[in-house]
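Engineer: Hey, can you work out the whole structure from these sequences and the hints?
If you use my numbering, the sequence shown corresponds to residues 1 to 74, in order.
Incorrect hints may have been included.
For each label pair, taking beta carbons as the anchor points, the in silico distance ranges come out as [to be verified]:
{"hint": "1", "residue 1": "L30", "residue 2": "P61", "range": "15 to 21 Å"}
{"hint": "2", "residue 1": "A22", "residue 2": "H53", "range": "15 to 21 Å"}
{"hint": "3", "residue 1": "L13", "residue 2": "H53", "range": "19 to 25 Å"}
{"hint": "4", "residue 1": "P37", "residue 2": "M64", "range": "29 to 35 Å"}
{"hint": "5", "residue 1": "N68", "residue 2": "P37", "range": "29 to 35 Å"}
Simulated from the structure, these hints should not be mistaken for lab results. C-beta atoms are modelled at their ideal positions from N, C-alpha and C, and glycine is treated no differently.
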Amino acid sequence: MSLTLFHTQGCHLCEEAQALLAACQVQAALVDIVTDPQLVARYGERIPVLMNHQGQELGWPFDMELLNAFLWQS
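Structural biologist: Have a look at this one:
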């Protein structure tokens, strides 16, 4: 399963999302949006956002139940 978590440093919501992923024992590639102006424009007010290999996105807020549902559909 290929996952990407769009985030930025110092974002407490992003840290919460990473903790949920860790609790599910799921790894995601981390992409800091500040490195790309297009990513800032797309995700700046929505991070953290988890994307699967099909391009489907799960935006914050999400909890363990929503995360598991997203992971199982991927």
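Engineer: Against each hint, give a clear statement of whether it holds in the structure.
Structural biologist: Evaluated hints:
1. L30 to P61: 15 to 21 Å: At roughly 19 Å between Cβ atoms, P61 and L30 fall inside 15 to 21 Å, so the hint holds.
2. A22 to H53: 15 to 21 Å: Given about 20 Å between the Cβ atoms, the range holds.
3. L13 to H53: 19 to 25 Å: holds (23 Å)
4. P37 to M64: 29 to 35 Å: This hint holds: roughly 33 Å between Cβ atoms.
5. N68 to P37: 29 to 35 Å: This hint holds: roughly 33 Å between Cβ atoms.
Every hint, counting from the list given before, is met by this structure.
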